[in-house]
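Please build the complex by placing chain B on the supplied structure of chain D, with the hints as guidance.
These protein sequence lines map, in sequence, to chains D and B. Per the working numbering, the first sequence starts with residue 1, numbered consecutively. Per the working numbering, the second sequence starts with residue 1, numbered consecutively.
Since the hints were derived computationally from the structure, they do not count as laboratory data. These numbers were taken from a predicted model, which means no experiment stands behind them. All clues stand as given, with none of them false.
Each pair of labels, with its calculated beta carbon distance range:
(1) B:G9 x D:E17: 33 to 39 Å
(2) B:A29 x D:R14: 42 to 48 Å
(3) D:Y10 x B:E45: 19 to 25 Å
Taking lysine-lysine pairs in the BS3-like style, the calculated list, with each CA pair at most 25 Å apart, reads:
(4) B:K70 x B:K2
(5) B:K2 x D:K57
(6) D:K13 x B:K42
(7) D:K3 x B:K42
(8) D:K71 x D:K53
(9) B:K109 x D:K57
Every residue, glycine too, gets a C-beta built ideally from N, C-alpha and C.
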Amino acid sequence: DVKVTQSSRYLVKRTGEKVFLECVQDMDHENMFWYRQDPGLGLRLIYFSYDVKMKEKGDIPEGYSVSREKKERFSLILESASTNQTSMYLCASSSPGTGGRNYGYTFGSGTRLTVV
Amino acid sequence: QKEVEQDPGPLSVPEGAIVSLNCTYSNSAFQYFMWYRQYSRKGPELLMYTYSSGNKEDGRFTAQVDKSSKYISLFIRDSQPSDSATYLCAMTTETVFYGGSQGNLIFGKGTKLSVKP
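The shape of chain D in the complex, shown without the other chains:
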C-alpha cells in the first residue's frame, strides 16, 4: 500500500514558535501537497511541489513555507505560529498513472495542530 506518513498526530505549540510538520511518502511520487482543513471551509491548498527543490504556492500560502530536499519528503514550516493557524494539516502525494491517467491523491493521517 502507498503510505504517506505524517510525523505527528497531535501538536501543541506556542504563539510565535517556528513549527515544522514533516511528511514522507514511500511510493516515489513526484507530486506532494500540503492542505489545511477547517470546519465549514473544507480543504485549502497551502503549497505543493512537483519535483525536488520545486515549490508552488497554493491558495493560502501566507505564513507558511515549505521545503523539499528529497523526493520522498515534504516539510511544511510555520515561520511564526499564530492562533489562526490552529487546524488539521494534511499531506498528500500523487503521480501520473499508467497510460497518463490521473488517479488522485493519497493522503496522510493528518496532524492536528493547536497554537496557544
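Using the frame of chain D, we list chain B on its own:
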C-alpha cells in the same frame, strides 16, 4: 460561482437506508471524478474513481457522473454505521501532469454522514 459545490449536511439516516451524496461543478473540462471518505480525525481515502461519464459500481457503492448536467453522485446501498464519515468529491481536468497545477484536484467541502443503528 464556486467550481465545486457540495452540500455540507449533516445527513443522518437509519441503518439500511440508501444514501445519495451529490456535487455540482461549473468547469465542463473536468473529466476525472473521485469520491473520498474521511473518518473523524483521519486523512481522506480514495473510495471511488470515475473517468468521464457513466456509472461505476463497487460493492454497496455506486458513483454516477452526468457531464451534461455537471452533476456527480455517490450512492450507498444498505448503509451501515461504519459508513458514518465525511464524504468529499474531487475532480480535475488533466490526464497527465508533469509540473504545474494543471492536474491538481478541486475538492468539494464534504458532506458529513451519520448512519444510526
